[in-house]
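The listed protein sequences correspond, in order, to chains A and B.
Everything in the first sequence is counted per this note's numbering, starting at 1 for the first residue and increasing by one.
Everything in the second sequence is counted per this note's numbering, starting at 449 for the first residue and increasing by one.
Please note that the accuracy of each hint is not assured.
Pair by pair, the computed Cβ-Cβ distance ranges are [as the list claims (entries may be wrong)]:
1. 655(B) to 11(A): 22 to 28 angstroms
2. 30(A) to 496(B): 19 to 25 angstroms
3. 58(A) to 814(B): 49 to 55 angstroms
4. 670(B) to 172(A): 42 to 48 angstroms
5. 814(B) to 155(A): 45 to 51 angstroms
In silico contact screen, one side only, chain B against chain A (beta carbon under 8 angstroms); selected entries [said to hold, decoys possible]:
6. 490
7. 495
8. 563
9. 565
10. 591
11. 595
12. 673
13. 674
14. 773
15. 817
16. 820
Derived by calculation from the structure, the hints in this document are not laboratory data.
Bear in mind that the values here come from a model prediction, so they are computed numbers and not experimental data.
All C-beta atoms in this analysis are idealised placements derived from N, C-alpha and C, irrespective of residue type, glycine included.
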Amino acid sequence: MRLETRKLLDRSFTGSGILAIALMAAALIVLLAPMFIRGAGAIFFTATIEHRRFMLERFNRGNRPQLEAEIKAARKARAPVYRMLADFERCLATGDAAERRRYEKPFRELKKKIQILLGPIPGAPRPMLMRNQYGQTRWDRAQVKLSRVLYREEWDYSDPTRSGIMHLKPRTADFAGTSLEALFPYLKNNIDRMLLPRRTVYWQFLTDTSFDAHFFGGIWPEILGTFYLTIGAMLFALPLGIIAAIYLTEYARESRFIEILRTCISTLAGVPSIVFGLFGLAFFINTLKVSSSKSVLAGAMTLALMILPTVIRAAEEAIRAVPAAYKEAALSLGAGRWHAICSIILPAALPGILTGSVISMGRAAGETAPIIFTAAVSVGKPLALWQVFTQPTPALSWNIYNLATEHAAVDEIRHVQYGMVLVLVSLVLLLNLAAILMRARISKRLRG
Amino acid sequence: MPTTLGTMQTATRIMPSLLLSHRTRLRQRVGAALGNGLLLAVTSLSMLAVFFIFFFIARDALPFFRLEGVREFFTSTHWYPSAGEAEFGALAMFVGSGLVTLGATLVAVPLGIAAAVCLSDMIPFSMRQVIKPIIEMLAAIPSVAYGFFALIVFAPLLQQQGGHLLAVATWILGLPLVVLGVIVFSDVATDRLRDRPRLVIRVILMALFGGGALAGLAWIGHTLGALKIASGTNALNVSIILGIMALPTVVSVSEDALQSVGRELREGSYALGATRAEMLVKTVLPAAAGGILAAVIMGVMRAIGETMVVWMASGNAARIPSPWYNMLDPVRTLTATIAGDMGEADHVTGSARYHVLFAMALALLVFSFVCNIISEKFIRRTRQQAKG
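Produce the complete structure using the sequences and hints provided.
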């Protein structure tokens, strides 16, 4: 091969390495961008009057007289809609049977769609579900719902090789020639006066409890549940991990037993997370009976087991990084081995240990599979501290799964799902960032 | 440190009055003995945990094999756990797990090794400090967030624009490869010729092969571009996402392996006139092969044990794709089956439905255990080679 060819190959080899790293960075950006952009939409969004009414009625938030004036204005703007509906209904009731047959079904559908958009029609009985007691609280959802009022979806299944194709048919056509025809342009032109959209910052999304299966309110129960599980897991894993690391670094001599022990630790690190979940169910709940069914305690123990190897490794590394001179100095001053460990080695290794544990804390916070069978429920109230021993809890990781796949109205609460993802991901990334900064400080101190 | 300590203790014994009071010494002795025992007990907990995991998973898995036998589980694809005549053929799940793991490996291994080589040998230290956090962040993002991305963002994209995406990816990855391949091939083929004819022949060869290869690439791109993807939740989606999740493991373990290969080997290689790429491919990579293999195995373990992504975005269809390598079909994996079916299985009475999930867990556990032992062996061997 000629020299130029070899140089070309060399350069393209370098290029492929850089390409790989660039692809990794791109993957990270592509992953995080939608989470951050759409997740922010759970907190910063354009809210309608219905959102402010909800806040006022449930939490007594906001300026009451001003809000009441706003609600009145919105009601005034909506009055023609309801009048037209009532007029048409009266006409239908008094009109002939053929007309009734023709308009009854489309009219009922239209009324339902308008209720979804604007909330219950005045004078109607109060609906049972909270999601039906209010109109659309978010302007972006309101736009979608408005188009459902204006247009009817029709699915075309005539082509068997493809899935159904959706066509939008204007609803005006259903009511052509009736008094209701004027309703559609009125709705379209006056929707902002009926819903009074305004930019809102809903910080309380993080601290409000959720209402009606996450249709309203925030994600506090999930945040609290994740917090309990993570702290609980650390309470178990940290002492056990540090003690094991002390033993492995300071006491253990190389022997067959220690070798097996190390193999066991790395095996534990490699066990699939779902297997931990099954083990937690079979051992902590069914055998040890730490709680009668799922509980935060059982979940925390399972998570602790999962992160134990990481904590042990991190602590071991941190203890090994303490200069041997520290220990020798302590011993030469007459301190016993145990004394030297407690007063000299551990304090010196503590920042390193914390760095490692912070990363495993992030892992415990984000892991879902181990808590499915041991701790997580889909809907729940925020727990008090003494309830963690007996009660299951909602948690961010589990509820992201649950809301994104099993919720009855997955599309309606997309913003809540993204909000949860944002909170979880930023929690984990912040923990990692803290670890990175801590590590940088430690390495600077050890060098300088 | 045993020798230093021994001397210390003798010193204390000889001159007790000088160093410590009697009582302090006693306290220290008792403390040390107690501490030693306690430490050993606590440390053995993780060993106990591993035995317990094997024991409890196996204990609940064995009733299944006793009830239903072994053969059906591993060889049949009839998965009807809740039918009157329940059938528990899990072959489709084994194939599904294998398929997505294979796909993830195909994504993660080339990228991961290239990135590891780049990190350890091509990039200055300051750049490495910037890139390390990227890898750490990729490793830190919770699996459920990956799953959410796969289901909500990536699956619709794949369903609507999948063909075009694949075509663009083919061009991005294929074009440099093709250009490079054509240049190198025509160079090598004309190596022995004299100056003037060489140039002419090389240009002709380049035009011929380049044209052919480009036409081939265009054909592949066109075929992929015309592809209709019925559902975005399929094996391809999951494979790509799992590959990204396994990347950090592959990168960091193989970087460690590359770093443990000493400077001498690199310098010797340079001294013999190798370029950097030749040095890496011909000396360093073979020397680190054990560690890199371990990295691959650990990446495989990460992919096969992952639950949330496959549960959310693999489509969960309990059948073998046709043909078996068809990545565009939905699949169902062992982990997703355990996670999804446990809610319906009966905890209390312990039916076959419940125990079959433990049988799957046992299969996963044994697989990851074997993988772990093998990868440890490889890592140890690489370390010893680097030392001696």
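Hint by hint, here is what the structure shows:
no. : hint                                 : result
1   : 655(B) to 11(A): 22 to 28 angstroms  : holds (23 angstroms)
2   : 30(A) to 496(B): 19 to 25 angstroms  : violated (43 angstroms)
3   : 58(A) to 814(B): 49 to 55 angstroms  : holds (53 angstroms)
4   : 670(B) to 172(A): 42 to 48 angstroms : holds (44 angstroms)
5   : 814(B) to 155(A): 45 to 51 angstroms : holds (48 angstroms)
6   : 490                                  : holds (4 angstroms)
7   : 495                                  : holds (4 angstroms)
8   : 563                                  : holds (4 angstroms)
9   : 565                                  : holds (5 angstroms)
10  : 591                                  : holds (7 angstroms)
11  : 595                                  : holds (7 angstroms)
12  : 673                                  : violated (17 angstroms)
13  : 674                                  : violated (14 angstroms)
14  : 773                                  : violated (23 angstroms)
15  : 817                                  : holds (6 angstroms)
16  : 820                                  : holds (4 angstroms)
In this structure, the hints that do not hold are numbers 2, 12, 13, 14, in rising order.
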